[in-house]
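K.L.:
Sequence:
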Amino acid sequence: MYGWMQAVFLIMDPEVQEILIRFDGLASPDRRAVYRQILSQFNLDEWRDVRDQLDRVSFHKDILSAVPLEIAAQITKYLDLSELHVFQRVSKDWHSLLTSSLIRAAVFRRYTGYNYDSVTAGSSDEFSAFARRRVRLERGQPLWKICDPAYLPLPKPWNATSLDYCNGRYAWIDGTTIVVHSLHSNMTQYFCTQNRDPLMEVRLSENVIAATTPRGYCHIWDLQSEESAWFRLPSCRHSFFMASGRSIALAFIGIMTSEGDYVLYWDLNTRAARTINIATHLGYMALNSEARSLTTVHLEERNYYNACVQPQHSPAKRAHLQVTKYLVDESATFGRSSSYTLELPAIVDATGHVEIRYPDTSPKFSDRMGLFSVRPREGSPSALSSMVTVAYDPRTDQVDLHVLQPEHTPFYPLCMTSVDHNILYYIKNDNGKPQIWISNPDATSPHRPSKCMNPQLPREATSRVYSHATGFALHGDREFILMIDENGLKVWCFDEAIHIDDYSCVETF
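Following full-length UniProt numbering, the numbering of the sequence shown begins with 1 at its first residue and continues without gaps.
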C-alpha cells in the first residue's frame with residue numbers, strides 16, 4: 001500500500017508535490033487551519049469520495065495487547081469467566097494474553113480467594129476445568145443427575161428442616177439416630193448417643209457431625225475415626241448453630257437484660273469451650289476453621305445523632321450491615337477482631353423498613369444463611385417485601401449479599417442455598433410454577449432460570465410449594481446440589497472430576 005502511494009507521488013504534478021511537502025511540514029494548528037479551508041471548498045462528489053476514504057480507515061486500537069501485562073490483569077477484574085473465554089478467540093495475541101499465568105492467577109484469586117500455584121491451578125487444563133465448573137454453576141447447567149435415587153438413603157419429608165449438607169455428604173436425624181451418606185463413596189454411616197437420646201438439630205462439616213438434644217447437650221462425632229465427645233449447653237434456646245472443620249459454635253441470647261448476646265465456641269482437638277460477647281440482635285454468623293475465625297453480621301442503624309446502634313429493625317435509608325471478624329488462637333481463645341461496614345445494595349427500597357428474619361426461617365437453611373426483610377412503608381400499595389440474603393464464602397473469607405425483589409419472590413417455605421461465591425440457588429414462583437432460579441449479583445442479568453434443573457413440582461395456585469406440606473429443602477455447593485420434597489430426593493452434579501460410573505442410573509445433560 002505504501003509503495004503504491006509512493007509511486008503515485010512520483011508521477012504527480014511538481015506543483016502538487018510542493019503543496020503536499022509544505023503541508024507535511026506545517027505545525028498541527030496550521031495543518032488544521034489549512035485542511036478546514038480546503039474542506040469548505042468541497043463539492044458533493046468530493047465529499048462522497050472523502051466518505052469512501054474514511055470508511056477504509058480504522059479508528060480502533062488494540063489497547064489490551066498494548067498495555068503491560070499487570071494493567072491487563074487489572075482490566076480482567078471486570079470480566080466474568082464466560083467473557084474471558086469468548087475474548088480468547090479474538091486473536092492470537094488475546095489468547096496468549098488471557099491464558100497467561102498472571103491473568104489466570106488474578107481470576108483464580110478473585111473467585112476462590114486462594115493464591116495461584118502449581119498445586120491448585122498450575123496447568124491450563126486444571127484452570128479450564130475450574131472455569132467450566134464455575135460457568136456451569138452460574139448458568140445452572142449440571143453434568144448429570146441421579147434419575148433414580150430410590151437406592152439412596154432418604155430422610156422423611158418432615159425431617160427436611162433437620163437435613164444438612166457439606167462437601168458431598170448429607171445428614172439428617174432419624175429418631176435417635178443420625179444418618180450420614182456420602183455421595184462420593186456411596187457409603188452410609190450411623191451415629192447415636194450412648195443412651196439413645198432424642199436429637200433436635202444436626203450440623204455437618206468436612207470432619208465432624210454435631211447434634212443437640214432436648215436435655216441441653218451437644219454431641220460431636222469425628223466422621224473418620226467415629227470418635228465421640230459431648231459438652232453441656234448453657235441453654236437450649238440458641239439462635240445460630242454452626243460446624244466447621246473440627247469446631248462448633250452456637251450463639252445465645254443473654255438471659256438477663258443487662259447481659260449481651262454471646263457465642264460458645266468448642267473445638268474437638270482441645271475439647272475446651274470458650275465464649276465471646278457479641279452485640280445483640282445477631283443477624284448472621286459464620287465459622288471458618290481453616291482461617292480460625294468467627295464472623296458475625298448485625299443490622300446497624302445510624303441515628304439522628306450520627307451514632308450507630310444495633311436494632312432488630314431499622315429504616316432502610318439509615319440501615320447498613322456491620323460485619324465483625326474474631327480470630328481464634330491455638331488455645332481456642334478469641335483474640336483481636338476487625339470490623340467493616342457493608343452497605344445494603346442500591347436496589348433496596350430506601351423508603352422501606354429493614355428487619356432481621358429470624359428464627360422462623362434460618363433453621364431451614366441449617367443456619368448457613370441469614371435473611372433480612374425490606375418491607376414497604378405503611379400505605380404502600382404492595383404488600384410484598386424484598387429480601388436480602390446474607391451468606392459467607394469461606395474460601396474468599398467474604399460476606400455475600402443477594403437481593404430478591406418482589407418479582408423474584410420465592411415460594412414458601414423458603415427454599416434456597418448458597419453454592420459458591422456470589423451464587424445463590426432458590427425456588428421461585430414462576431407464574432405459579434416452582435422453578436429453580438439463580439442469583440448472581442456480578443452477572444449482567446443478576447437473576448436467571450436454571451432451565452436444565454427441573455424440580456418436577458406441580459403448578460400451585462398459592463404462593464406455597466405444596467400448600468399442605470412443609471417438608472422442603474435445597475442444599476448444595478460447587479460439586480452437588482440436592483433438593484428434597486415429598487416426591488423424594490433429587491441430586492445434580494457439577495464436578496466433572498466425579499466419576500459417573502459410581503452411580504447405576506444417571507441422566508446426562
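Everything labelled a hint here was simulated from the structure, so no lab data went into it.
What you are looking at is a predicted structure, and each value in this text was computed from that prediction instead of being measured.
Please note that a few of the clues may not be correct.
Label-pair ranges, simulated between beta-carbon atoms [what the hints assert, rightly or not]: (1) Ser96 <-> Pro345: 31 to 41 Å; (2) Arg448 <-> Asn195: 47 to 57 Å; (3) Ser128 <-> Asn269: 15 to 25 Å; (4) Ser96 <-> Pro458: 45 to 55 Å; (5) Ser445 <-> Ser96: 22 to 32 Å; (6) His85 <-> Lys451: 26 to 36 Å; (7) Arg32 <-> Lys451: 28 to 38 Å; (8) Thr176 <-> Pro458: 31 to 41 Å; (9) Pro441 <-> Ser58: 28 to 38 Å; (10) Ser128 <-> Thr508: 35 to 45 Å; (11) Lys317 <-> Leu39: 50 to 60 Å.
No farther apart than 30 Å at their CA atoms in a straight line, the calculated lysine-lysine pairs in the DSS-like style are these [stated by the list, open to error]: (12) Lys145 <-> Lys433; (13) Lys61 <-> Lys145; (14) Lys77 <-> Lys325; (15) Lys92 <-> Lys145; (16) Lys490 <-> Lys61; (17) Lys92 <-> Lys77; (18) Lys77 <-> Lys61; (19) Lys77 <-> Lys490.
Virtual Cβ for every residue (Gly too), placed ideally from N, Cα, C.
K.L.:
Taking the hints in turn, state whether each one holds.
P.N.:
How the hints compare with the structure:
1. One distance hint, 31 to 41 Å for the beta-carbon pair serine 96 and proline 345, holds here, with the actual separation near 37 Å.
2. Roughly 50 Å separates the CB atoms of arginine 448 and asparagine 195, a value that falls within the hinted 47 to 57 Å.
3. Hint check: serine 128 to asparagine 269, Cβ distance near 38 Å, so the stated range 15 to 25 Å is violated.
4. A C-beta distance of roughly 52 Å is found between serine 96 and proline 458, which places it inside the suggested range of 45 to 55 Å.
5. For serine 445 paired with serine 96, a C-beta distance near 31 Å keeps the hint of 22 to 32 Å intact.
6. A C-beta distance of roughly 20 Å is found between histidine 85 and lysine 451, which places it outside the suggested range of 26 to 36 Å.
7. Here the CB-CB span from arginine 32 to lysine 451 is close to 57 Å, at odds with the stated 28 to 38 Å.
8. Between threonine 176 and proline 458, the C-beta spacing of about 35 Å keeps the proposed range 31 to 41 Å intact.
9. A beta carbon spacing of about 37 Å between proline 441 and serine 58 agrees with the range 28 to 38 Å that was offered as a hint.
10. In this structure, serine 128 and threonine 508 break the distance hint of 35 to 45 Å, their C-beta atoms being roughly 20 Å apart.
11. Distance hint check for lysine 317 and leucine 39: the Cβ-Cβ separation is about 56 Å, which falls inside the suggested range of 50 to 60 Å.
12. With a CA separation close to 21 Å, the supplied pair lysine 145 and lysine 433 stays within the 30 Å bound.
13. Between lysine 61 and lysine 145 the CA atoms are separated by roughly 46 Å; this puts the pair beyond 30 Å, and the hint is violated.
14. With a C-alpha separation of about 26 Å, the suggested pair lysine 77 and lysine 325 falls inside the 30 Å cut-off, and the hint holds.
15. A C-alpha spacing of about 37 Å is found between lysine 92 and lysine 145, which places the hinted pair above 30 Å, so the restraint is violated.
16. With a CA separation close to 51 Å, the supplied pair lysine 490 and lysine 61 exceeds the 30 Å bound.
17. A threshold of 30 Å between alpha carbons decides the hint, and for lysine 92 with lysine 77 the separation of about 21 Å falls inside it, so the pair holds.
18. About 21 Å separates the Cα atoms of lysine 77 and lysine 61, which keeps this hinted pair within 30 Å; it holds.
19. Pair hint lysine 77 plus lysine 490 does not hold up; C-alpha atoms about 35 Å apart against a cutoff of 30 Å.
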